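Asks: The primary structure of each chain is shown beneath.
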Amino acid sequence: MNYNWHWKVLFELEPGGTGSYLHYLLVGLAWTLATALAAWVLALAIGALVGTLRTTPMKWVVRAGNLYVEIFRNVPLIVQMFLWFFVVPELLPRELGDWIKQIPPPWGSYVPAVLCLGIFTSVRIAEQVRAGINSLPRGQRLAGVAMGLTETQSYRHVILPQAFRIILPPLTSEFMNVIKNSSVALTIGLLELTGRARAMQEFSFRVFEAFTAATVIYLLTNLVVVLAMRALEHKVRVPGLIAATGAPQAGH
Amino acid sequence: MDSGFDFDVIQRSWGYLFREGMTFTVTLTLLAMAGGIVFGTLLAMMRLSSVKPVSIAAGAYVNLMRSIPLVLVIFWFFFLVPYIGAWAIGAREPIKVGAFWSAAITFTMFEAAYYCEIMRAGIQSIPRGQAWSGYALGLDYWQTMAQIVLPQAFRNMLPVLLTQTIILFQDTSLVYVISATDFLGAAAKVANRDYRLVEMYTFVAVVYFVVSYGLSALVKRLQERVAIIK
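Keeping their order, the protein sequence lines are chains A and B. For the first sequence, my numbering gives the first residue as 8, with consecutive numbering after it. For the second sequence, my numbering gives the first residue as 117, with consecutive numbering after it.
Calculated directly from the structure, the hints in this document are not laboratory data. A quick note: this is a predicted structure, and the numbers were derived from the prediction, not measured. It is possible that some hints are incorrect.
[Stated by the list, open to error] Okay, derived cross-link-like pairs now, DSBU-like style, lysine-lysine, Cα gap no bigger than 35 Å in a straight line:
#1 B:LYS168 <-> A:LYS242
#2 B:LYS336 <-> A:LYS66
#3 A:LYS15 <-> B:LYS212
#4 B:LYS305 <-> B:LYS212
#5 A:LYS108 <-> B:LYS305
Please work from the sequences and hints to get the whole structure.
Replies: Below is the structure:
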């Protein structure tokens with residue numbers, strides 16, 4: 008293939024004048040991480056709650072939880088992005104909607120992106136949490152009851168601490184998914200890493216340098232996440248308790 | 117925007133949305149599913165190969181694809197495929213490739229990495245004795261795979277393969293980033309032309325929900341049937 012590589016482009020000034028292209032991409036990484044981390048906090052909070060509620064004997068709560076999961080699992084992420092960005096402000100009262108539409112960039116894209124990604128991911132975490140709880144032997148719950156714990160107490164002290172340890176490996180891959188999925192926010196104008204790689208390609212015409220640089224940055228980020236989560240798994244390990252080895256699952 | 121939900125815009129653009137948009141989406145999904153399962157199975161066999169360079173190469177490909185965002189992969193292939201095409205037919209200049217074929221190649225290659233992991237688990241779920249008895253009967257590697265291991269692996273993994281295909285169906289909407297006219301792309305064009313974003317995007321969400329939910333329910337029923345037979 009006759010493509011002339013020109014790696015020095017990474018150190019040339021980007022047209023916005025904020026610094027080199029490499030710096031421009033690294034700022035993109037910062038936005039990717041800022042989006043992914045905020046969404047992750049939201050997703051863990053909602054996901055843990057919904058996932059736990061779906062294992063309780065309260066029929067209507069379980070049904071509501073199932074509905075929540077089905078809605079956000081069966082609509083593509085990019086469509087959900089458009090709903091949060093284009094549709095939600097129109098459905099709110101006019102003044103509030105107008106105010107939202109006037110939020111200056113990048114926050115006007117950042118907030119809907121975090122909400123969208125957080126809720127999208129919370130559904131997947133809810134599924135993991137429920138599976139983790141259901142994988143515990145029934146005896147654990149019964150033992151809690153036998154010891155005189157209330158339902159809440161046995162969740163708090165017996166079930167959840169074990170369930171979360173079991174689902175740490177799948178949660179690691181969910182965290183990597185949220186980093187990857189944050190790239191979809193470029194469709195609503197958030198200049199995160201992938202968005203900036205595309206912008207760099209448009210400014211400099213150095214297509215493959217831009218995408219290779221972004222790819223390498225994603226790979227390094229993944230490596231850091233994997234190592235950090237491995238350390239965390241090691242730190243919270245309880246002898247004798249086996250973590251989920253990950254039954255084959257569909258994903259992206 | 118004016119108050120009131122304008123259903124009319126959906127009715128007016130019905131033909132464009134489904135005959136053009138949905139046809140693109142469904143064709144792309146089916147092509148990428150077929151290609152992805154074929155390549156994914158080959159990759160899985162490579163990953164499980166005892167020849168080290170082969171398993172390392174396949175592992176590297178799968179991990180690379182699974183580590184970067186699909187949007188970035190779509191951009192990569194959108195620009196890369198014209199070069200690969202030129203190289204394949206010996207042309208000097210990058211050739212022109214339409215959005216559809218670019219997307220078809222992208223999704224086939226990307227999903228192959230995900231189907232690979234499913235098929236690998238499927239192959240590993242078959243007891244080793246099955247392959248050994250194949251060899252003992254005088255079958256070679258390809259015969260053993262094609263006639264003994266893969267049919268069982270495929271059957272065990274069918275629900276997961278189908279679930280992955282539902283995800284693929286949803287993911288094809290990301291071809292929006294290369295301005296292809298898939299179902300979402302068609303709706304976005306109408307939405308921007310008539311300034312009917314609320315109606316169009318809500319409608320798109322409902323259609324995707326109905327299709328994905330319906331297919332998931334079918335997969336769940338299939339899963340129960342397979343589970344009983346096992």
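Asks: For a C-alpha distance cap of 35 Å, please report whether LYS336 of chain B and LYS66 of chain A respect it.
Replies: With Cα atoms ~21 Å apart, LYS336 of chain B and LYS66 of chain A stay inside 35 Å; holds.
Asks: Is LYS15 of chain A within 35 Å of LYS212 of chain B, Cα to Cα?
Replies: holds (28 Å)
Asks: LYS305 of chain B and LYS212 of chain B were given as a pair; does the straight-line alpha-carbon distance stay at or below 35 Å?
Replies: Holds: LYS305 of chain B and LYS212 of chain B sit about 23 Å apart, inside 35 Å.
Asks: For the pair we were handed, LYS108 of chain A and LYS305 of chain B, check the Cα-Cα distance against 35 Å.
Replies: holds (21 Å)
Asks: Hinted pair, alpha-carbon criterion (35 Å max): LYS168 of chain B, LYS242 of chain A. Please report holds or violated.
Replies: holds (33 Å)
Of the numbered hints stated above, none is contradicted by the structure.
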